[in-house]
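Those protein sequence lines, which keep their order, are chains C and D.
Every position in the first sequence, counted from 1, becomes a number in my numbering once 264 is added.
Every position in the second sequence, counted from 1, becomes a number in my numbering once 264 is added.
Read the hints as simulated data drawn from the structure, not as lab findings.
Glycine included, C-beta positions come from ideal geometry on N, C-alpha and C.
Mixed in with the good hints, there may be bad ones.
What the hints assert, rightly or not - Okay, derived cross-link-like pairs now, DSBU-like style, lysine-lysine, Cα gap no bigger than 30 Å in a straight line:
(1) C:LYS500 / D:LYS541
(2) C:LYS424 / C:LYS271
(3) C:LYS542 / C:LYS500
(4) C:LYS541 / D:LYS500
(5) C:LYS541 / D:LYS541
As the list claims (entries may be wrong) - Some chain C residues well away from chain D (every beta-carbon gap over 12 Å; in silico):
(6) ASP326
(7) ALA372
(8) SER428
Number of protein chains: 2
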Amino acid sequence: MIEKSTKIAIIGLGLLGGSYAQGLSLAGYQVKGLDIDEQAVRQAGKNGWIVAGGNDPSLISDCDIVISALYPRDFVSWVNSNQQYLRTGAILSDVTGIKRMVISEINAILRSDVEFIACHPMAGRESRGIAYADSSQFENSNFIIVPTEENSQRAIDTAKDIASILKFGRISVLDAERHDQIIGFVSQLCHVIAVSLMNISDDPMLIDYTGDSFRDLTRIANINEDLWPQLFIANKDNLSREIDAPTEQLNQLKEYIVEEDVSAMRELMIRVSERRKKFDRRK
Amino acid sequence: MIEKSTKIAIIGLGLLGGSYAQGLSLAGYQVKGLDIDEQAVRQAGKNGWIVAGGNDPSLISDCDIVISALYPRDFVSWVNSNQQYLRTGAILSDVTGIKRMVISEINAILRSDVEFIACHPMAGRESRGIAYADSSQFENSNFIIVPTEENSQRAIDTAKDIASILKFGRISVLDAERHDQIIGFVSQLCHVIAVSLMNISDDPMLIDYTGDSFRDLTRIANINEDLWPQLFIANKDNLSREIDAPTEQLNQLKEYIVEEDVSAMRELMIRVSERRKKFDRRK
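Just chain C, same shape as in the assembly:
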């Protein structure tokens, strides 16, 4: 496990960065927090989540681990502008939801005496900003480490330690190709569907006739318009292929309904109900 004397910096004190700072400081680590937004830094300090913070990149120069909680493109820009402040031997990590683009762009520019280990915490909320940060969201959530063949065991172990300290549940290791393919389905396609469903009707009267089904399917249609276009575009080969799958399924089920094929519907419903039960959140 990472020693308690380890100094950790979080770049970007938003929903995820704030929650990282909270979870790591609660576990007894010294955390520094960097953000261009003074108020976010002040809030993190007031909450006792950071020992130092601000917008000065030299703050990271004594840090052993630096975790970017920036959006993908901002992370690449930040490394471009500030990597001279990283100390030799530092481990750099991230929280971005797409990996091929991030890994190739970061490794193409990163100093050779610093190591980047890509990570994807499968957590988040539909609200943004440090005001909604809450490290308890990580408990029993999935965490994916996405190493390349060049990564050291030390860096992979550090990523595992961070996930354990933050109380993530299942910690997996995947290569970037497979990560982006799976995420195109389990995360990005779901956001595409929610946004699409929410865009169908602008009838405000529907609010009075809504049950939890519609609320659940559209929760993530309250979506960060700065982040998600970046994620979709960086994974557009996988995602554009995934988008065709629900269309085929919808047409198939429509046919069953029009033909009143009860036995085909029953068989389908029994199959997906059984399948869905396995996805319930682990307690």
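Position chain D relative to chain C; hints supplied.
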């Protein structure tokens, strides 16, 4: 408000019927419960939710209000077989999720000295049976009353009273045409989408890479295969039209992604985020 001496019978002690019995008995009403399943009746008795119960239809002969919590087709069969036990002047109601079929079939067979008022409580869970009954699920949920032009004000008021006693939030009145049209979108289409999404992949490894997005969008894919084919078929004109809408939306968003049209995506995301915020559950 319905007088406390009013005798109410619930036909079918499943998830909804059990929750009705619980909520009405907690409010001080005398509730009888009928079910072909002895265990459900015993459980309702043990919980103190009914004063009498069983499988004998003559139990309803002194009841002022009889509420069917059966599936649509079973409700029609039940009325066919048991309406002779209803007392003159009794009000008959239901909880079914589709209304044109139910209203026309019930009114075609129902005795003229009994009045049917159709209701749709917008509540439910992905689990079935009295073991999951819980009347607190109704709090702040939507309730729709679906009268015909033949319904008396007394019957409509009785339906409103039942909804108030069970602590539903917004109580609306809609005609059957409009009800089935709206429900085709806010409820049935959501179930169609969840089932379709859940049917795309049978890779059990996905469980380790899933976040709450996929869980939320597929919660209702754990679906009652006896009930939902009935609901879909009874509303197939509306539903089959609604199913085309998400396909169009998905194709539109796919085009934005493939063309890397960030501004179109941002505009769409801002619009649906604003729209979605209005649908948050009332506190």
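Next pair to validate is LYS541 (chain C) with LYS541 (chain D); report whether the Cα-Cα distance is within 30 Å. holds (29 Å)
Assess, step by step, whether the Cα of LYS500 (chain C) is no farther than 30 Å from the Cα of LYS541 (chain D), and give holds or violated. Status holds; Cα separation ~28 Å.
Decide if the proposed pair is consistent with the structure: LYS542 (chain C) and LYS500 (chain C), CA atoms, cutoff 30 Å inclusive. Holds: LYS542 (chain C) and LYS500 (chain C) sit about 29 Å apart, inside 30 Å.
If I take the minimum Cβ distance from ASP326 (chain C) to any residue of chain D, is it greater than 12 Å? The claim holds: ASP326 (chain C) sits with its nearest Cβ about 34 Å from chain D, beyond 12 Å.
Beyond 12 Å from chain D, beta-carbon-wise, is SER428 (chain C)? Its Cβ never comes within 12 Å of chain D, the nearest being 16 Å, so this holds.
Are the Cα atoms of LYS424 (chain C) and LYS271 (chain C) separated by 30 Å or less? It holds: about 17 Å lies between the C-alpha atoms, which stays within 30 Å.
Taking the closest pair, is the beta carbon of ALA372 (chain C) still more than 12 Å from chain D? It holds; ALA372 (chain C) is separated from chain D by about 21 Å at its closest Cβ, greater than 12 Å.
Straight-line Cα separation of LYS541 (chain C) and LYS500 (chain D) no greater than 30 Å? holds (28 Å)
Comparing the model with each numbered hint stated earlier shows that all of them hold.
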